[in-house]
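Number of protein chains: 2
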Amino acid sequence: MSTETADLARKARDASRKLQLLSSAKRADLLRAVASALERREDEIQAANDEDMARAAAANDVDDALLQRLKLKPGKVKQLADGARAIANMDEPIGKPLSAMELAKGLTLTKVTAPLGVLLIIFESRPDALPQIASLALRTGNGLLLKGGKEAASSNAKLREVIVDEFEAFGIPKECVCLIEGREAVADLLKLDDVIDLVIPRGSNSLVTYIQNNTKIPVLGHADGVVHMYVDADADLDMASKLAIDSKIDYPAACNALETLLIHDSLVATGGAAELMTALRAAGVELFGGPRGEKELKLPPAPALRHEYGCPACSVELVSSMDNAIDYIHANGSAHTDCIITSNQATADEFISRVDSACVFHNASTRFSDGFRFGLGAEVGISTSRIHARGPVGVEGLLTTRCLLRGTGQICDKDKGVTFTHKKLPLPKKEGLFKPGLVQKVSGAIALVANTVIVFKALFGRK
Amino acid sequence: MSTETADLARKARDASRKLQLLSSAKRADLLRAVASALERREDEIQAANDEDMARAAAANDVDDALLQRLKLKPGKVKQLADGARAIANMDEPIGKPLSAMELAKGLTLTKVTAPLGVLLIIFESRPDALPQIASLALRTGNGLLLKGGKEAASSNAKLREVIVDEFEAFGIPKECVCLIEGREAVADLLKLDDVIDLVIPRGSNSLVTYIQNNTKIPVLGHADGVVHMYVDADADLDMASKLAIDSKIDYPAACNALETLLIHDSLVATGGAAELMTALRAAGVELFGGPRGEKELKLPPAPALRHEYGCPACSVELVSSMDNAIDYIHANGSAHTDCIITSNQATADEFISRVDSACVFHNASTRFSDGFRFGLGAEVGISTSRIHARGPVGVEGLLTTRCLLRGTGQICDKDKGVTFTHKKLPLPKKEGLFKPGLVQKVSGAIALVANTVIVFKALFGRK
Numbered sequence: 043m044s045t046e047t048a049d050l051a052r053k054a055r056d057a058s059r060k061l062q063l064l065s066s067a068k069r070a071d072l073l074r075a076v077a078s079a080l081e082r083r084e085d086e087i088q089a090a091n092d093e094d095m096a097r098a099a100a101a102n103d104v105d106d107a108l109l110q111r112l113k114l115k116p117g118k119v120k121q122l123a124d125g126a127r128a129i130a131n132m133d134e135p136i137g138k139p140l141s142a143m144e145l146a147k148g149l150t151l152t153k154v155t156a157p158l159g160v161l162l163i164i165f166e167s168r169p170d171a172l173p174q175i176a177s178l179a180l181r182t183g184n185g186l187l188l189k190g191g192k193e194a195a196s197s198n199a200k201l202r203e204v205i206v207d208e209f210e211a212f213g214i215p216k217e218c219v220c221l222i223e224g225r226e227a228v229a230d231l232l233k234l235d236d237v238i239d240l241v242i243p244r245g246s247n248s249l250v251t252y253i254q255n256n257t258k259i260p261v262l263g264h265a266d267g268v269v270h271m272y273v274d275a276d277a278d279l280d281m282a283s284k285l286a287i288d289s290k291i292d293y294p295a296a297c298n299a300l301e302t303l304l305i306h307d308s309l310v311a312t313g314g315a316a317e318l319m320t321a322l323r324a325a326g327v328e329l330f331g332g333p334r335g336e337k338e339l340k341l342p343p344a345p346a347l348r349h350e351y352g353c354p355a356c357s358v359e360l361v362s363s364m365d366n367a368i369d370y371i372h373a374n375g376s377a378h379t380d381c382i383i384t385s386n387q388a389t390a391d392e393f394i395s396r397v398d399s400a401c402v403f404h405n406a407s408t409r410f411s412d413g414f415r416f417g418l419g420a421e422v423g424i425s426t427s428r429i430h431a432r433g434p435v436g437v438e439g440l441l442t443t444r445c446l447l448r449g450t451g452q453i454c455d456k457d458k459g460v461t462f463t464h465k466k467l468p469l470p471k472k473e474g475l476f477k478p479g480l481v482q483k484v485s486g487a488i489a490l491v492a493n494t495v496i497v498f499k500a501l502f503g504r505k
Numbered sequence: 043m044s045t046e047t048a049d050l051a052r053k054a055r056d057a058s059r060k061l062q063l064l065s066s067a068k069r070a071d072l073l074r075a076v077a078s079a080l081e082r083r084e085d086e087i088q089a090a091n092d093e094d095m096a097r098a099a100a101a102n103d104v105d106d107a108l109l110q111r112l113k114l115k116p117g118k119v120k121q122l123a124d125g126a127r128a129i130a131n132m133d134e135p136i137g138k139p140l141s142a143m144e145l146a147k148g149l150t151l152t153k154v155t156a157p158l159g160v161l162l163i164i165f166e167s168r169p170d171a172l173p174q175i176a177s178l179a180l181r182t183g184n185g186l187l188l189k190g191g192k193e194a195a196s197s198n199a200k201l202r203e204v205i206v207d208e209f210e211a212f213g214i215p216k217e218c219v220c221l222i223e224g225r226e227a228v229a230d231l232l233k234l235d236d237v238i239d240l241v242i243p244r245g246s247n248s249l250v251t252y253i254q255n256n257t258k259i260p261v262l263g264h265a266d267g268v269v270h271m272y273v274d275a276d277a278d279l280d281m282a283s284k285l286a287i288d289s290k291i292d293y294p295a296a297c298n299a300l301e302t303l304l305i306h307d308s309l310v311a312t313g314g315a316a317e318l319m320t321a322l323r324a325a326g327v328e329l330f331g332g333p334r335g336e337k338e339l340k341l342p343p344a345p346a347l348r349h350e351y352g353c354p355a356c357s358v359e360l361v362s363s364m365d366n367a368i369d370y371i372h373a374n375g376s377a378h379t380d381c382i383i384t385s386n387q388a389t390a391d392e393f394i395s396r397v398d399s400a401c402v403f404h405n406a407s408t409r410f411s412d413g414f415r416f417g418l419g420a421e422v423g424i425s426t427s428r429i430h431a432r433g434p435v436g437v438e439g440l441l442t443t444r445c446l447l448r449g450t451g452q453i454c455d456k457d458k459g460v461t462f463t464h465k466k467l468p469l470p471k472k473e474g475l476f477k478p479g480l481v482q483k484v485s486g487a488i489a490l491v492a493n494t495v496i497v498f499k500a501l502f503g504r505k
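As you go down the protein sequences, you meet chains U and A in turn. With the first sequence counted from 1, adding 42 to any position gets you our numbering. With the second sequence counted from 1, adding 42 to any position gets you our numbering.
Any given hint might turn out to be false.
A pair counts as met if it fits within one copy or between any two copies, since identical chains are not told apart.
To be verified - Derived lysine-lysine pairs resembling DSBU-like cross-links, with alpha carbons at most 35 Å apart:
| hint | residue 1 | residue 2 |
| --- | --- | --- |
| 1 | Lys471 | Lys147 |
| 2 | Lys258 | Lys233 |
| 3 | Lys284 | Lys340 |
| 4 | Lys192 | Lys337 |
| 5 | Lys284 | Lys456 |
| 6 | Lys60 | Lys337 |
| 7 | Lys466 | Lys233 |
| 8 | Lys192 | Lys458 |
| 9 | Lys60 | Lys284 |
| 10 | Lys113 | Lys284 |
| 11 | Lys465 | Lys138 |
| 12 | Lys472 | Lys68 |
| 13 | Lys471 | Lys216 |
| 14 | Lys337 | Lys466 |
| 15 | Lys465 | Lys284 |
| 16 | Lys465 | Lys340 |
Hints were generated in silico from the structure; no laboratory data involved. Because the structure is a prediction, the values reported are computed rather than measured.
Chain U with its partners taken away, still in its complex shape (with noise of 0.2 Å):
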C-alpha cells in the first residue's frame, strides 16, 4: 500500500478531532463560511464544470445522462449554498443524549451521540454530490476522503478547494475533508479499516456490490433493490394500476422501483389481473412472467424470480395467498422496499408487521423510498444492512454513540463496591448537565432540609 494513502485517511483522523473541538456554534458559522465562498466564487466553479462539461462533451461516444449528471445547471450552486445553510441552522447533532441513568449513588452514566470518525464517500459523476456531503460531515464532525468520477474532476477539485479554502480562518488542517484520486488509491483506503469507520459509496449497484466484496470496513449502501408490490384479493384495482405504473414509470432505473408484482389468483378470474397488466402496458411498461405468470398469464420468462430491471419492464408473478405473497418476496426480495395494495386493514397490517424489509409499505408509491420524501432533511444513502442504518440514513447514519460515566471515586470490588440503583434519569437537554458533585451537594440539602423537618416536627410537632 501506498504510505501516502494511509498518511492522508490519518492525517484526516486528527483534522476531525480538531473540528471536533470547534463548538457547536463555530462549526455551524464554517458551514456558513462555506455557503458564502460557494456563492461568492460561483464564477470559477462554473468554469471549472465547462472544462468537465467539454471534456465530456469532446468523447467519443457522449452518453446524455452522463452529461445530465455532471452539469451544473444555473442556480445549482445557489441552492449548495442553501443547503450548507440548512445543514448549520440544524439542531446540534453531537453530544446528544440518548440515555442518563444513576448506577449508584453519585455514579451518573449518559449515553451521548457522537462523530464517527472518518467517512471515506466513494461517488459517480456528480460533482453536487460533493458540497452536500461535505456540509453533512462538517456540521457532523467527521473526516471525509471523497472519491469522485473522472469525469468530474475539475469541478470537484474547485468545489473542495472551495470548501476547504474557509478551513483556516477556524483553525481547522485541509485534510479534513481529501479528494481521492485513482483507482488504486480507493484499492488501498478500502484496507484500512483500522482508520476509516465507513464507506458510502453513491452511485450504480455494481459499484456498491464491488466496495462491498473489497473491505472489511462497514458498508453503507444497497446492492440490490427488487421491489415487490403485492396486489391483494380486496385491492382497488384503480389506485393499484396507478401505483404499479408510479412505482415503476416515475424512475425506472432508481432502487425503489418496482420490479415484481405480484397478483392474487383471484384476480385472474375477475379479470382485475388483465386490467392491471393493460395499464402497465399501456404505460410503456413490458411485463415478463414468474413461473406461474408464464403459464397462466402467457407471458415472455422472466430473466430470474429475483431480478432487477432498471427499465421500464417488471415481472408478472400469480399467488394464491398474502402468505405465498410474503413467502415469496422473503424469497426472492432484497429487504430494500415491499408494498401491499389492499383495501382490506387487516390485511394491510398483517403485511405490514410481518414483512422482514427495511421499508415496508401499504397503499402507496415504492418511489417513497427516500431520504428526502421521508423528511430526513438530508439523504445520506439508502440502507439494506440490517445493522447500524437500515432503510434512507439521514445524519444519523454518520454519528455514533459514547457512554460518559461520572464519578466520585466508586470502584467495583466485585461489584460489592457500591449498591447498584440503576435508576433512569430524565434525558438531560444537553450533555454535561450531570455532575454528580452537584448532584450529591443538592441531594445533601435536600437531606439537611428534610432532617431538619423531622427535628422540627419531634421538637414541636403535635402527634
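Starting from the known structure of chain U, fit chain A onto it as the hints suggest.
Structure of chain A alone, referenced to chain U:
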C-alpha cells in the same frame, strides 16, 4: 461449503420468522415455559454437566480456570430460569415506535424496532451463556446458531434440548435454536453473509480477532481493551490509587481492566507519582514504563506502547498535560474505556467531551464498563466497533429497524404527486395505531362538522 450447514442457517431464518409471528404475550409465555423446563429438568442438566466436568478433570493438563467456567454450580440453573423469566417480563422489544411523521396528507411513516434476523453466537467453555443468549434471542424474535466450546459439549446439547423441547407447543421449529459442532461448520457459517446478520463472539480476544478477520458478516465484539487512566495534576491521590488498583486488580484479564496509567508531570516532583506506584505495587501490580516512564521513573520497559497485559501488570507513562494525555490515548488506546482522575470539574468536562472512546469515565473504576453495571439488564457483549452498537450492548444490539408507510393511494410523480408536509407526529404507544384511513375518516368528520357549522352560520348567523 457443506450444504448441510447452509441449510441449517436457512432453517434458523425460517424458524425465526415463525417466532416473529407469535404475539408478544406468546413469546413471553414460551420463555416462561423454557424457565420451568430448566427447573423441572435440572437433574438431567446437572448430569450432563457432570459428564463434561469428569471429561475435563480426566484430561492430562487440568486447567482450574476452565473447570470454574465449565461448572454449573448449585443454584445456577434456578438463576438461569429466573433470568429467562425476567426477560419474559421485559417490555416488548419488537415493533417499538422510534419516530413517526406525516409525510403528506393521509401518508404516515412510522419507524419501528425489528428483529435482526439470524445471529451466530460463538462462546467458549461457559455453558450458562447458552440459556441467557437463547432467552434474549427468543424475546427479540431472532434465530440462533450457537457454537459452544467442545469442553461443554454435553451441557450445551442438554441445555439446547431442554429449551427447544418447549417449542413444539408454540408451533416453532426446533431449528430456531441450532447447535453447531466443529470448526469446519463455523468456517462455513462465517461465509453466509446473506443469511446470518450478526456474529457475536463471546470469549478471548484471540477468538474475536479470528472471527473479525474471517467473515464479511458484521461482528459485535472487541478485539482489544487497551484501557487508560490519566491521573491529572489536580487529582485526589488517595482516590487515584484506589481507582487504579480496582481497575487493574478486580479482574486483571477483563477487557475493561487498566493497562496504562498516565501520570501528569507535576506529580513527579510532589512525590505523587511515587505514591501511586508504591500503592499499585503493594496491591501486587507489576509496573512497566512507557518511553518516559522507563527513563524518568526507572521502570523496566513496557513490551509496546499499546499492550494488553491481561495479568496484574500495567504500563506507567508521564504526560506533560491533559492534551498530551488525550493524544496518547488516541494514538495508543483501543477506544474501549478511558478514564480521568481529577478534582477539577472543568478539566474533567473537557476530557469527557474530547476522548473518542466507547466509554469515557471521570473518577470511577474502569471496571464499571459492563452491561450489567450499566443497567442494561442482559449484556449481549461489549463492542468497540463504531457502528451499530458501541460500548456495553444490551438487547438493542439484537434489533434493527423497519420503516412502515401507510398511504391512501399516493403516487410520487417526480415529487408533484403529493404536497409534502413532513410533520413530526407524537410517538404512538404501539405500532399500528396510525391508520391513515381512520385519520382521513376523522378529518372528514371534522370537516363535515366544520362545514355544517359554516352552513349553519351562513343560514342563521347574525352578522
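Here is what the structure says about each hint:
1. Lys471 / Lys147: both (22 Å within a copy, 32 Å between copies)
2. Lys258 / Lys233: So Lys258 and Lys233 pass the 35 Å test inside a copy (7 Å) and across (13 Å) alike.
3. Lys284 / Lys340: Within one copy only: 23 Å inside a chain, 80 Å across chains, cut-off 35 Å.
4. Lys192 / Lys337: neither (47 Å within a copy, 52 Å between copies)
5. Lys284 / Lys456: The answer is between: 14 Å across copies meets 35 Å, while 65 Å in one copy does not.
6. Lys60 / Lys337: between (64 Å within a copy, 31 Å between copies)
7. Lys466 / Lys233: So Lys466 and Lys233 fail the 35 Å test inside a copy (41 Å) and across (41 Å) alike.
8. Lys192 / Lys458: Between copies only: 33 Å across chains, 62 Å inside a chain, cut-off 35 Å.
9. Lys60 / Lys284: between (52 Å within a copy, 33 Å between copies)
10. Lys113 / Lys284: For Lys113 and Lys284, only the intra-copy Cα distance (33 Å) is at most 35 Å; the inter-copy one is 65 Å.
11. Lys465 / Lys138: Both, since 20 Å and 22 Å are each at most 35 Å.
12. Lys472 / Lys68: within (17 Å within a copy, 40 Å between copies)
13. Lys471 / Lys216: within (33 Å within a copy, 47 Å between copies)
14. Lys337 / Lys466: neither (61 Å within a copy, 47 Å between copies)
15. Lys465 / Lys284: between (53 Å within a copy, 25 Å between copies)
16. Lys465 / Lys340: Result: close neither inside a copy nor across copies, 65 Å intra and 46 Å inter.
Against the hints set out earlier in the document, violations occur for numbers 4, 7, 14, 16.
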